[in-house]
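Keeping the supplied structure of chain A fixed, place chain B upon it in accordance with the hints.
For the protein sequence lines, the chains are A and B, in the order given.
FYI, in our numbering the residues of the first sequence are 1 to 259.
FYI, in our numbering the residues of the second sequence are 1 to 414.
Source of the hints: derived by calculation from the structure; they are not laboratory data.
Cβ coordinates follow ideal geometry from the N, Cα and C atoms, glycine included.
It is possible that some hints are incorrect.
To be verified - Here are some chain A residues pointing at chain B (derived, C-beta under 8 Å):
(1) 73
(2) 96
(3) 98
(4) 99
(5) 113
(6) 115
(7) 124
Said to hold, decoys possible - Distance ranges between label pairs, derived from CB positions:
(8) A/161 x B/15: 34 to 44 Å
(9) A/219 x B/409: 27 to 37 Å
(10) B/409 x A/59: 12 to 22 Å
(11) B/397 x A/196: 39 to 49 Å
(12) A/155 x B/294: 51 to 61 Å
Chain by chain, the residues:
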Amino acid sequence: MTAAQAAGDLGGRPAGTVPVLELENVSKVYPGQPPVRALDRVSLAVTAGELAAVAGPSGSGKSTLLHLMGTLDQPTAGTVRITGLDVARMTDRELAGLRAARIGFVFQQFFLGEHQSVLGNVADGLLYAGIRRGQRRRLAADALGRVGLRHRAAARPTQLSGGERQRVAIARAIAGRPPVVLADEPTGNLDSATGTAILALLEELNAAGTTVIIITHDHAVAARTRRRIEMLDGHIITDTAAGTGTAVGGGFRHVQEGT
Amino acid sequence: MTTTSGHSAGTAAWAAPVPARLRPGDLAALASIGLRTRKLRAGLSALGIAIGVAAIVAVLGLAASSSAALLAEIQALGTNLLTVTNGQTLTGTTAELPAAAPGMIARLPGVTSVQDTGTVSGVDVYKSPYIPSGETNALSVDAATVGLPAAAGTSLAQGRYLNAATEREPVAVLGAAAARRLGIDRIRPGMRIWARGQWFYLTGILNPDTYAPQIDSAVLIGFPAAEKYLNFDGNPSEIYVRTVNTPAVTTRVDSLLGYQANPENPNQVDVSRPSDALMAQADAKGALDTLFLGLGAVALLVGAIGVANIMVISVLERRSEIGLRRALGATRGQIRAQFLAEAILLSLAGGAAGVILGTAATAAYARGHRELLVIPPQAWAGGLAAAIIIGALAGLLPAIRAARLSPTQALWTV
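Okay, chain B solo, but in the shape it has when bound:
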């Protein structure tokens, strides 16, 4: 206890009192008075902050959920796929991969599977000979090896793939988009398509290929059949290489592929790793994200003004309460703390509601798209922190005004 010196010496025994501190629990109870007594008003004034935080949490949550889904898909498909495509010559014409390239690549240590496709140029596919020749549906006809789906990251949606027997016969398998464009959704026995005066029997339809979308729009035929029926030259145009599933091995094979595929002109070969492009896509932010984050920020600003406004009104209405508390021994600081804490609590309640709302929206979207629900910690923690800061800023001025009220003004003016 500090004793203020210089008090009249005649009256001893009374020392100057020191104001007590408010305990955190007491301050919290004081802060909640406004919310408890005026629930509707509190709810409406916290709405702006709730909407702002919900928008921010949902935007970040949706982005994180879809990128998590993409990463999960990449993980499932493996990151050990490398593709080799024919590049261009120095003069700008399309280079050809040597026919021996797949065999050469297969000799590299660490390579577990080599499959390839070859584009059969100048061949269009129709559902029947009566279709006008102009309606090609932009489909390509590719020769393909029998192990292609597993290596390229796809699988059979229906029927069967080419095998050692059918790759020699006029038999075709459709990519997912090719089947759709031809209007074929189901493989039935005897179903066939028409290409260069020849029927090809359909045995299967592939699932969409995340890594190699070019396969989706292709009609796949075995290499021997393509050479026999469609005058195909047998040169591969795209080679799918799977390595041992170790990043270091994949990287090493990656660096050797160009020389191994075309030792004479390694620079005429394009080597790429499809998983890299998808990972970059997973990290990329959508253009709409920025827009919605901006809208969320605007909602937060409007919410802050709403909280400030409601606190100013609250201070005006509760003058007599302020005066009473001053008479009961509240310091200016304690009055200021009460109203500041009330603004923060109000804003925090809005922020918490916003986090719940934004999470629910993300969960609904993720469920609809069969994605994992991922809310980044910085989204909800940031939302709550923003709410606290906004409450503090919005409540500061009203709280200072409340503390400045003189007890007599507060008590005896209505």
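Chain A with its partners taken away, still in its complex shape:
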């Protein structure tokens, strides 16, 4: 499947109630002395078109959650499903294909290559989706237009401000129109005004149909999103998807089933 086809899937994807991203009793233990239990039987479902923030202090497990949602790492126990596909049953190659077509990543450190132009960086987001170079550059120019940076296409990343760099990174993440965008502390390296503009951009993306999940330690950021998932010590302690905005699962535990 090409990213262009993936982009075409956008209209025909399952209705909003179907989870694009599902975690069922997911635990992640990092080996060591003593072993670190970063996630402890976490369950979570994100439906298509949602905008959610995962908030929590460092060490709460939110980064681990992002790794698992992005298929960059595998859980020790439990099931992770991305667009309905069980990650544990997929080969490394299939997971790479899944990331190429269906998941866009935005990182705190931007990770832009200095050896090429802004347009080239954005086009690299489609490199592993099997699209020809010319088409990659057209889609990249289009994505740059969506983040308002079409006029900086020829610039080098070093010539851009921090906010502009993060916009380029977002353009790279959305160039193939993936159904899910995972943003890891997207405002962490930016001042508050620039950060707010980046959040507004992510909201715009979400309004256009993309599922956006933002990982942040900043509660002010989390407060802006419709759904807030708060984490502490490997557990979800609050998930406003329950509708109440209060803690679920007996205060400290999310719903635990089948354990």
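Then chain B, alone, in the frame of chain A:
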């Protein structure tokens, strides 16, 4: 597209994605990132391979160029020269060629020219009578026929050769080495040398003779003059035979020469073909060649270690790039291919520089020695192939390490 079976049936409509292949052009662009962003480092690390390939190309190129030059000279001189020399008798004394031998040989079909020299023994040559008799300069005095230079593969450097008139007079022509040893570099009117109480006037100096180096150190005098002034017995000691320029004819004449020159004792005659010995020399490899090829191989080995080292460092430095590419959807294989291709490209760039360097060195040498520039295809093709193989071997381990990095390790550890 393959569909992985067993995914939760409740969420239909999404099929398992299949990773796309990287196009060759994209892989080449990826491979060149390291070279483009760190030019100095790339240049230095490719230097070892460049030097190794340059040494190998230059050694093979120089050998091929000088053998091509020798073959060209042989071609120009002709391969149809046969020489007949007096061999030895069964008792070990020097045999004599019959005086009639040249005339007999000339009757063989296919023979176009027969010239001969006869060694005049016991005669030494001096520049003047005042030179001490011990300083003979190791020159020989030979009687020679008037058509000798053309048949023996030489020509006049200066002056004139013996002719029907001067071969009867006390007149001499010097071989190239003989002239040098006597300190004569130019023929002037009235110039003469002293041999056995007699002045001989000089008329010419010969060019060096590739086929018959024995002529170089000889002082040549006509047969009649040698008999008249130096008590020469008139027996030829070396006969130069030219045949029709057809290899088959030359070979046939070759096989008949012994009997024709000395029918009574054909085994006392040595027949040889000077061009054969030179061709063998053209094919022979110099002793230094092996040494330099060995040095080239060592340079290639050191170059390979340099490339491997630089690739290991590159992988360590570019962890975040590797992590990002994995997040963007690169498979392990694609990461491995990127770094393997980078090592090969680096090594190939070194190899190409080495081929250019080695060719330039050979060209400079060949020009200095007025030789043709010949770079054997196996030298440059082999050099490039060696560079590719070395790059692949040197890059394999770093590429595998890069591919083994987990995306989370690569992205979140600095």
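Structure-based check of all given hints:
1. 73: Given a least distance of 5 Å, the restraint on residue 73 of chain A holds.
2. 96: holds (4 Å)
3. 98: At about 5 Å, which falls below the 8 Å cut-off, the nearest Cβ of chain B leaves the hint on residue 98 of chain A intact, so it holds.
4. 99: Holds, because the Cβ-Cβ distance from residue 99 of chain A to chain B comes to roughly 4 Å (cut-off 8 Å).
5. 113: Constraint on residue 113 of chain A satisfied, holds at 7 Å.
6. 115: Check passed: Cβ of residue 115 of chain A comes within 5 Å of chain B, closer than 8 Å.
7. 124: Nearest chain B Cβ about 7 Å off; hint holds.
8. A/161 x B/15: 34 to 44 Å: Check passed, 41 Å falls within 34 to 44 Å.
9. A/219 x B/409: 27 to 37 Å: holds (29 Å)
10. B/409 x A/59: 12 to 22 Å: holds (18 Å)
11. B/397 x A/196: 39 to 49 Å: holds (47 Å)
12. A/155 x B/294: 51 to 61 Å: Once the Cβ atoms are compared, 52 Å apart, the range 51 to 61 Å for residue 294 of chain B and residue 155 of chain A holds.
This entry satisfies every hint, going by the numbered hints stated previously.
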